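> Here the protein sequences line up with chains B and W, keeping their order. Adding 2 to a residue's 1-based position in the first sequence gives its number in the working numbering. Adding 13 to a residue's 1-based position in the second sequence gives its number in the working numbering.
Source of the hints: derived by calculation from the structure; they are not laboratory data. Please read these numbers as outputs of a predicted model, since none were measured by experiment. One thing to keep in mind: the hints can contain errors.
Here are the simulated DSSO-like pairs of lysine-lysine, each with C-alpha atoms no more than 27 Å apart in a straight line [what the hints assert, rightly or not]:
hint : chain 1 : residue 1 : chain 2 : residue 2
1    : W       : Lys161    : B       : Lys105
2    : B       : Lys51     : W       : Lys94
3    : B       : Lys80     : W       : Lys124
4    : W       : Lys73     : B       : Lys80
5    : B       : Lys92     : B       : Lys67
6    : B       : Lys67     : W       : Lys182
Derived CB-CB ranges, DEER-like [said to hold, decoys possible]:
hint : chain 1 : residue 1 : chain 2 : residue 2 : range
7    : B       : Glu102    : W       : Asn113    : 25 to 35 Å
8    : W       : Asn113    : B       : Thr117    : 33 to 43 Å
9    : B       : Gln36     : W       : Asp175    : 37 to 47 Å
10   : W       : Ala96     : B       : Glu41     : 31 to 41 Å
11   : B       : Lys108    : W       : Ala171    : 22 to 32 Å
12   : W       : Asp175    : B       : Glu41     : 29 to 39 Å
13   : B       : Thr117    : W       : Arg158    : 15 to 25 Å
14   : W       : Met100    : B       : Glu102    : 50 to 60 Å
C-beta: ideal position from N, C-alpha, C; glycine also.
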Amino acid sequence: MIKKILFIFFILMGWQAAQAQVAVIAHKAVPVDQISSAELLDFYTGDIKLWGNDEAVIVFDLKPKGEVKEVFYKYLGKSPSRMKSVWMKKLLSGEGDPPESMKTEKELLEKVMETPGSIGFVAEDKVTDDVKVLAVITREEG
Amino acid sequence: MKFRNLKLAHKQYIGFDFILLVMVIVSIYAINRMAILRDQIDEVSNNWLPRALAISDINKNTSDLRINQLQYAFAEDQAGKDAQAEMIYPLIDRINDNRNTYETLRESSEKSGLYSDEERQLYEAFDEKWDEYQEVSIDFFLLARNNKIPEALSVLNADGRDIFMAMSKSLEDLIEVNKKDAFNASKNAQKTYQDTKRVAIFLLITTIVLALVFTSVLIRYITVPVQELDKAAQTVADGNLDVTLPLRSKDEIGSLANSFNSMTHSLREATDRLKHQADELQQQNVALQEAQVELEEKSQRLEKQNTEIEEKNTDLEKQKMEIMKKNLDLHETMEQLRSTQQQLLMKEKMAALGDLVAGIAHEINNPIGTVTSSTDVTGRCLQKIEIVLEESKTLEELRKNSQLPKALRLIRDNVRVTLVAGERIATIVKSLKNFARLDEATYQVVDIHEGLESAITLLGNELRGRIEVERHYNELPKIGCYPSELNQVFMNVLRNASQAIGENGTIGISTNRNNGNVEIQISDNGKGIAAEKLDNIFDFSFTSSSDKRVKMTSGLTTAYNIIQKHHGDIIAESQLGEGTTITILLPVSHS
Chain B
3 MIKKILFIFF ILMGWQAAQA QVAVIAHKAV PVDQISSAEL LDFYTGDIKL
53 WGNDEAVIVF DLKPKGEVKE VFYKYLGKSP SRMKSVWMKK LLSGEGDPPE
103 SMKTEKELLE KVMETPGSIG FVAEDKVTDD VKVLAVITRE EG
Chain W
14 MKFRNLKLAH KQYIGFDFIL LVMVIVSIYA INRMAILRDQ IDEVSNNWLP
64 RALAISDINK NTSDLRINQL QYAFAEDQAG KDAQAEMIYP LIDRINDNRN
114 TYETLRESSE KSGLYSDEER QLYEAFDEKW DEYQEVSIDF FLLARNNKIP
164 EALSVLNADG RDIFMAMSKS LEDLIEVNKK DAFNASKNAQ KTYQDTKRVA
214 IFLLITTIVL ALVFTSVLIR YITVPVQELD KAAQTVADGN LDVTLPLRSK
264 DEIGSLANSF NSMTHSLREA TDRLKHQADE LQQQNVALQE AQVELEEKSQ
314 RLEKQNTEIE EKNTDLEKQK MEIMKKNLDL HETMEQLRST QQQLLMKEKM
364 AALGDLVAGI AHEINNPIGT VTSSTDVTGR CLQKIEIVLE ESKTLEELRK
414 NSQLPKALRL IRDNVRVTLV AGERIATIVK SLKNFARLDE ATYQVVDIHE
464 GLESAITLLG NELRGRIEVE RHYNELPKIG CYPSELNQVF MNVLRNASQA
514 IGENGTIGIS TNRNNGNVEI QISDNGKGIA AEKLDNIFDF SFTSSSDKRV
564 KMTSGLTTAY NIIQKHHGDI IAESQLGEGT TITILLPVSH S
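Construct all of the structure, not just a fragment, from the sequences and the given hints.
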């Protein structure tokens with residue numbers, strides 16, 4: 003009996019986890035349809051600054067801490083504090099400015115919608131047809 | 014099986030092995046505890062201390078960063094800013110390096126379960142504050158870059174200060190926690206060391222106590238009995254045999270004590286026996302002395318008797334000499350007797366020969382007479398024939414003369430008679446030759462019947478006309494013998510038989526095989542021999558003949574001797590007035 007209950011509990015947990023999916027979104031006009039985590043990391047650290055069509059890459063960050071940001075940074079393989087160390091160094095050396103941080107996912111979504119060559123991330127259920135989804139990150143752990 | 018009943022070696026094995034076991038346990042325990050100790054010390058030196066170092070380094074670097082940020086703000090130109098930026102990069106790198114170090118150490122500590130939740134929370138708090146401080150720093154640098162120095166400084170001093178203080182606080186707390194954990198770990202190590210020391214000392218004391226106990230047990234089981242044994246042996250050596258050792262155990266010492274007891278027991282018995290024997294010897298000595306006195310007396314008596322015996326001996330010697338003399342006389346007499354016997358025997362032989370010769374002469378005389386007379390008649394017949402032949406003129410006349418055929422018939426008859434007589438003579442001579450076997454070797458294989466027949470022929474004169482000889486010959490093997498001697502036996506026996514028969518009678522001769530012998534029986538129906546005389550019929554001086562001639566023997570003594578020489582036997586059976594049967598047995602395979 004206890005086993006059964008636990009089983010059902012874990013199924014529900016799995017379903018919840020399945021809900022916590024984050025979409026990597028981009029402006030409709032970017033010249034790619036999908037992206038790997040390594041490429042994404044290069045975009046966010048500022049190591050890659052241009053798309054294939056020489057259009058500038060503009061990345062956006064989400065300011066508030068939460069599940070979406072956590073999942074995204076885990077996918078990148080760097081914690082936010084580590085990422086900030088990188089940005090700080092780039093800023094001091096003049097290699098580039100850190101990405102702009104949005105206060106909400108909605109704001110971020112809109113920013114990506116209206117900024118050509120931009121990349122961002124929101125919870126998958128918030129994605130609209132006005133942006134291009136380059137990857138869907140499934141949270142691995144429950 | 015009780016401990017006391019074990020062998021000494023086994024007792025020692027058990028004791029020492031037990032102590033060894035305890036020591037091994039002590040050693041294993043100590044080694045094990047040392048390993049734990051080493052782990053605990055390693056934990057302190059490999060985890061807490063490096064982590065504490067990393068954190069304190071982070072703390073120092075963040076402080077340096079903040080100082081450099083302020084200097085950056087006050088830099089007069091771009092070159093100054095760049096110089097400050099150059100100093101800031103390595104600080105950021107070092108902070109990240111230290112974080113890497115810390116996180117790697119944390120991972121290994123998590124694996125061994127030595128990472129506390131308190132530390133985790135503190136580090137997370139630091140991470141959060143560090144993130145926030147960097148965000149503030151980025152804002153600050155962006156403002157400072159644009160030469161908005163007062164705004165930049167206010168960002169750094171307002172929010173930045175609080176965040177920085179909180180971050181420093183969490184770092185200091187982390188160091189504190191680390192210190193505490195490290196302290197706890199060393200305290201643990203210390204405790205482990207103390208525990209180990211206590212247990213080791215306890216075990217050591219136990220081992221010593223056990224060794225002491227075992228030694229005293231050994232002393233009780235070995236040394237004490239040995240001392241007792243030594244004392245007992247000393248007592249026995251001093252001559253006191255009334256010692257008995259207590260039997261404490263069944264080991265070698267126990268069996269030694271047992272042997273010692275049985276030894277003293279045997280010694281006691283032996284001493285008693287010796288004493289007893291000494292007494293007996295004393296008694297026997299007295300008896301011996303008495304016996305010696307007696308012996309001396311007897312000896313004197315014996316000496317006396319000896320003297321007497323010597324005297325008697327001398328007498329006996331004299332008598333012996335006399336007897337020897339008599340013996341010599343006797344011997345001479347014997348010699349004389351023997352020669353007399355020889356002479357007698359010779360005389361007997363001569364007498365027998367005389368009889369035989371007379372008989373034979375008579376036997377031969379008859380046919381010779383016949384031959385003489387028939388020759389005479391033949392002569393006269395021949396004269397008549399001569400006369401007839403002279404008188405007759407013609408052949409016719411000769412044929413008519415009756416005298417001629419008569420004379421011729423007479424001649425023919427006489428020739429026949431002469432031939433018969435000649436044959437008769439030849440037979441007698443042959444028999445004589447056969448009897449004597451003069452032309453043959455002395456020892457031969459012969460037919461007994463031939464000998465018997467020769468004897469009968471030679472006795473022809475004595476037998477003829479008055480005694481009928483009945484022969485019952487059976488088939489006999491030839492036997493090895495001295496034929497002339499055997500023939501004499503047959504002659505003697507047959508002559509005795511013929512002489513025993515008065516006027517007329519019958520002599521029966523039968524031959525048979527009897528086992529390995531040839532049996533010849535010669536019986537007569539003469540006057541027989543009286544039973545008392547039958548016993549010495551083969552003796553020398555016996556004769557049953559009443560003949561006036563001096564006849565010294567029956568001839569059977571000779572016969573007896575000859576048969577003895579042939580390893581045979583001669584037996585006489587007789588009934589007075591009815592007859593005598595002489596049986597001769599001769600071995601066939603006599604050589």
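> Cβ-Cβ distance between glutamate 102 (chain B) and asparagine 113 (chain W): within 25 to 35 Å?
Taking Cβ atoms as reference, glutamate 102 (chain B) and asparagine 113 (chain W) lie about 29 Å apart, which means the hint holds.
> Would you check the hint for lysine 73 (chain W) and lysine 80 (chain B), treating anything up to 27 Å between C-alpha atoms as holding?
24 Å, holds
> Holds or violated: 50 to 60 Å for the Cβ distance of methionine 100 (chain W) and glutamate 102 (chain B)?
Violated, since methionine 100 (chain W) and glutamate 102 (chain B) (Cβ atoms, about 28 Å apart) do not stay within the stated range.
> Can you tell me whether the CB distance of glutamine 36 (chain B) to aspartate 175 (chain W) sits inside 37 to 47 Å?
43 Å, holds
> Holds or violated: lysine 51 (chain B) with lysine 94 (chain W), Cα cutoff 27 Å?
25 Å, holds
> Given the range 33 to 43 Å, decide if the beta-carbon distance of asparagine 113 (chain W) to threonine 117 (chain B) lies inside it.
35 Å, holds
> Against the 27 Å threshold, does the CA-CA distance of lysine 80 (chain B) and lysine 124 (chain W) hold or violate the hint?
23 Å, holds
> Falls inside 31 to 41 Å, the C-beta gap from alanine 96 (chain W) to glutamate 41 (chain B)?
The hinted range 31 to 41 Å holds for alanine 96 (chain W) and glutamate 41 (chain B), with Cβ atoms some 35 Å apart.
> Need the status of pair lysine 161 (chain W), lysine 105 (chain B): alpha-carbon distance at most 27 Å?
Holds, at roughly 24 Å.
> Measuring from beta carbon to beta carbon, are lysine 108 (chain B) and alanine 171 (chain W) in 22 to 32 Å?
29 Å, holds
> What's the verdict on lysine 92 (chain B) and lysine 67 (chain B), does the C-alpha distance respect the 27 Å limit or exceed it?
23 Å, holds
> Using the beta carbons of aspartate 175 (chain W) and glutamate 41 (chain B), state whether their distance is inside 29 to 39 Å or not.
38 Å, holds
In the structure shown, a violation is registered for the earlier hint numbered 14 alone.
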